[in-house]
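Enquirer: So the chains spell out like this:
Protein chains: 2
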Amino acid sequence: MLNIGVLVSGRGSNLQAIIDGIEKGRIDARIKLVISDNPDAFAIERCKNHNIPYRIVERRNFPSKVAFEEEMANLLREENVELVVLAGFMRILSKSFLRHFPDRVINIHPSLIPAFQGLHAQRQAVEFGAKFSGCTVHIVDESVDGGPVIVQAVVPLLPEDTEESLSERILKFEHRVLPQTVQWFAEGRVKVEGRKVLVEGAKYGTLPVNPELEKF
Amino acid sequence: MLNIGVLVSGRGSNLQAIIDGIEKGRIDARIKLVISDNPDAFAIERCKNHNIPYRIVERRNFPSKVAFEEEMANLLREENVELVVLAGFMRILSKSFLRHFPDRVINIHPSLIPAFQGLHAQRQAVEFGAKFSGCTVHIVDESVDGGPVIVQAVVPLLPEDTEESLSERILKFEHRVLPQTVQWFAEGRVKVEGRKVLVEGAKYGTLPVNPELEKF
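Chains as they are written, first to last, in the numbering used here: chain Z, 1407 to 1622; chain C, 1407 to 1622.
Among the hints, a few may not be true.
Restricting the straight-line Cα-Cα distance to at most 27 Å, the calculated cross-link-like pairs of lysine-lysine (BS3-like) are [unchecked claim]:
| id | chain 1 | residue 1 | chain 2 | residue 2 |
| --- | --- | --- | --- | --- |
| 1 | C | K1578 | Z | K1578 |
| 2 | Z | K1609 | C | K1578 |
| 3 | Z | K1438 | C | K1602 |
| 4 | C | K1578 | Z | K1602 |
Across the chosen pairs, the derived CB separations fall in these ranges [what the hints assert, rightly or not]:
| id | chain 1 | residue 1 | chain 2 | residue 2 | range |
| --- | --- | --- | --- | --- | --- |
| 5 | C | R1529 | Z | M1496 | 51 to 57 Å |
| 6 | C | S1549 | Z | S1419 | 51 to 57 Å |
| 7 | Z | K1609 | C | K1609 | 23 to 29 Å |
| 8 | Z | K1471 | C | S1549 | 31 to 37 Å |
| 9 | Z | G1600 | C | E1570 | 17 to 23 Å |
| 10 | Z | G1600 | C | N1455 | 57 to 63 Å |
Calculated directly from the structure, the hints in this document are not laboratory data. Just so it is clear, CB atoms sit at the ideal spot from N, CA and C, and this is done for glycine as well.
Let the hints inform the model, and build the full structure from the sequences given.
Expert: So, in structure tokens, the structure goes:
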């Protein structure tokens, strides 16, 4: 069983997808701790509903970003967390946090990076007039939404799409690729070599979406 | 019949795809003129083989970029060219050229823009470790590979891919999307509204590649 920690700031729908995957027996992991930097995050309700330990760690209660990040890292390390999942966590983590979990902090971003990095990725895609977008799970490094890519899912963008309708279409795939990625880590199949990430035994190379999504 | 001009700098495989589409009766257009800025471009041989008028216009023979571009624009206008297709043309066109053909200069780029714009797009994709790339036909504006998107095709990127193998996979789709786009213009179905391009009557919204590729 893989010990995971999840960092959230908002409604936590991707946290819910992981909870569901675990409860259905598709993910061989346990959520040792959820940390929210926002005391009002709906994600906290999800923790209560599923008896998952959570802590609220607010940036404003620390004198520096480093102190804030050290507190989070210490809480996660005390729980022997092996993989940290950012699920709608709205802060950029610095090296002082990442060094505790080398290549073991992952994030989900609602675009095919390097396209539409940063905030409001779906709105960016609609305004650009792209014909496809999607979502990406990547290793977190010090870039913003730019770390090594583990998996991407492609979705079409329709002429009538709005930020909302595209977000909804992408979210369905976020709820597949993120749990799948956690399970790959649980199975010890994720190999990171520089910018290249290989999932051992995954089926690469066909569309739509992802042949490598085996269970989700 | 749509009168088109094609600008080339190299081997001209996308020019060949257009020639083939016309000869097979899938494109209702005639190539009125091919302009090469490179006297050694293999594309010129293709023109000779298919009795297509061509001109060599070298930048070094003109005192300024504007004068060079004005010469090309004049040659194209003399032939009543309605659509200018950049098919591996390796220069950035300025407003002085584009104003002669508003929203009627198109380019093909071997990535899903805005990802991997500029030179060596396939190499950029391999080095980034992307899981998908593709190609884009777009309206040319003064940005580099950034104008309004007409059509995109997605291809998977495999773990063993090199710049060469990815380029080959993408090229097969370049040879479909570019002729298809020319035919859409011939049919008068391309509507440009700011950054949004709509192909009237095209089927949007499914993968793989492109439901809207009807004939290619």
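Enquirer: For every hint, state whether the structure bears it out.
Expert: Evaluation of the provided hints:
Distance restraint check for K1578 (chain C) and K1578 (chain Z): the Cα-Cα separation of roughly 30 Å exceeds the 27 Å cut-off, and the hinted pair is therefore not satisfied. For the proposed pair K1609 (chain Z) and K1578 (chain C), the alpha carbon gap of about 22 Å is at most 27 Å, so the pair holds. Between K1438 (chain Z) and K1602 (chain C) the alpha-carbon distance is near 46 Å, which puts this suggested pair outside the 27 Å criterion. For the hint linking K1578 (chain C) to K1602 (chain Z), the alpha-carbon distance of about 25 Å falls within 27 Å, and the restraint holds.
Judged by the Cβ atoms, the range 51 to 57 Å given for R1529 (chain C) and M1496 (chain Z) is violated: they are separated by roughly 33 Å. Remark: the range hint 51 to 57 Å for S1549 (chain C) to S1419 (chain Z) is contradicted by a beta-carbon distance near 35 Å. For K1609 (chain Z) and K1609 (chain C), the Cβ-Cβ distance of about 28 Å falls inside the hinted range of 23 to 29 Å, so the restraint holds. At roughly 35 Å, the beta carbons of K1471 (chain Z) and S1549 (chain C) sit within the given window of 31 to 37 Å.
Distance hint for G1600 (chain Z) and E1570 (chain C): a CB-CB separation of about 20 Å, consistent with the stated range 17 to 23 Å. Taking the beta carbon of each, G1600 (chain Z) and N1455 (chain C) are about 45 Å apart, not inside 57 to 63 Å as hinted.
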